[in-house]
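Colleague: Following the hints, position chain E against chain A.
Chains A and E are the protein sequences, given in the same order. Under our numbering, think of the first position of the first sequence as 1, with each following residue one higher. Under our numbering, think of the first position of the second sequence as 202, with each following residue one higher.
Hints in this document: simulated from the structure, not taken from any laboratory. Hints are not guaranteed to be accurate.
[Stated by the list, open to error] If you anchor each label on the Cβ, the simulated ranges turn out as follows:
hint, chain 1, residue 1, chain 2, residue 2, range
1, E, I375, A, R13, 32 to 42 Å
2, E, N392, A, R118, 33 to 43 Å
3, A, D147, E, G343, 42 to 52 Å
4, E, C231, A, D44, 45 to 55 Å
5, A, E117, E, L408, 25 to 35 Å
6, A, G180, E, G223, 20 to 30 Å
[To be verified] Here chain E is said to cover these stretches of chain A; the calculated rule only asks that three of the stretch's residues, wherever they fall, bring their Cβ under 8 Å from a Cβ of chain E:
hint, segment
7, 28-35
8, 46-54
9, 63-74
The model shown is predicted, which means the values in this text are computed figures rather than measured ones. Glycine included, C-beta positions come from ideal geometry on N, C-alpha and C.
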Amino acid sequence: MPDDAAAADELARRFADGEPEALRAVFDRHGPAVQRLVRASLRDQADVDDVVQATFVSAWNGRHSYDPDKAGLLAWLLGITRRRIVDLLRARGRRQRDTDAAAATAPAEAPAAESPERVVDRLIVADGLRRLPDAQREVLELAFYADLSHPQIAERTGLPLGTVKSHLRRGMRKLRSELGGVPEEVTDDASRSRSPRPARP
Amino acid sequence: MTHPDPDHLVLLALDEQRSGPGDTAHLDSCTQCRDELEALRAVAGLGREAAAETALPPVSESVWDRIAAETGQPSPVAPRRRGFPRVARYGVVAAAAAAVAIAGTLVVTGQDEERVVAQAQLNRQPSAPDGASGRVRIVDSGSGSLRLKLELTGMPAPAGLYEIWLYDGKTTMIPLGVTVGTEADVAIPPNLTLQAFPVVDVSAQQLGQQEHGTSMVQGTLRG
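Just chain A, with the same shape it has in the complex:
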């Protein structure tokens, strides 16, 4: 369902303020994307569940360090996710140097082309699309998913050509700025959170 950017921003602020219901709302909204990113690196569902859990626990404990003006909530969460994946792989590596770790870390559903960075960017664009105003979202979805040209989009939607072009421009700009907001280094509060379970017997 397309959702309004204002509601998403509001949720990010409620989360940063530590409102009790906000964590569940963030889990509902972004849990699938977090899980998707973990699945690009880890094959075992128990590992995936552990990293998803560790990500949300870290995020909640470190919510004070989240600055809604600096990064989108999803971008921040996915930064934490990547660190928790690394935590798990490192802990695993210390314990089971070779074969097990190699097997456990073999990309699950990921061909070589699918780097975590690419998956993160794609998830952020998908989320950014959801946050666009309806008209911009619709026009961009027709361009991206249905591969329609702008005259075809105008015909399909009944919008004037100039309007289609301006929706495309504004929508693309917003998506671009969402990507620009992906922090290189994210901060959370890992020290107060439990690391993912390092290894199973």
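Modeller: Same frame as chain A, but now just chain E:
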């Protein structure tokens, strides 16, 4: 130096328009526009790939339980669990009922008590008319067998028929039944794990068409 119209760069990035000789000359000499075009192309590429990320399966409710326990969150759904097995800790699900019954809520309709074990809002896909949407409830009518109840809004009478599918989000789609109206009530095979097929899709089908037709509305089940 006159920069190209911003709309023009966007269309170039979407590969809709070939760059003319004027563009090439300008882009060769203008770093700003070249960077802009490159950034827009990157967005366009990601946007095309993003289709794959729009119907992601939900996280297991058991993971939420663990997060809630660890962060001291209230878990208000817990008291509503009535007589359903809890999902095993690592998401190994024995039965469809268990997979979706985690956050079951109770709905009383008429004299019958039905438990809504999951639901989904179905969103319009690019081929559907404006305003098309749908709603799906997975209900357990008491015997443990699950049914999918569909309501469609804003959809035209189909040229052929509409077919309801469960989709794993990757490769497999399971047809559940058809409708030519705005409602459907179909059985879910008892051996099917809904958690593995969290996406509900309604497609327009030609009469006699076996394979999946054109997606009209789609959404992800939530417990």
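Colleague: Could you tell me which of the hints above the structure violates, numbers in ascending order?
Modeller: 5 and 9
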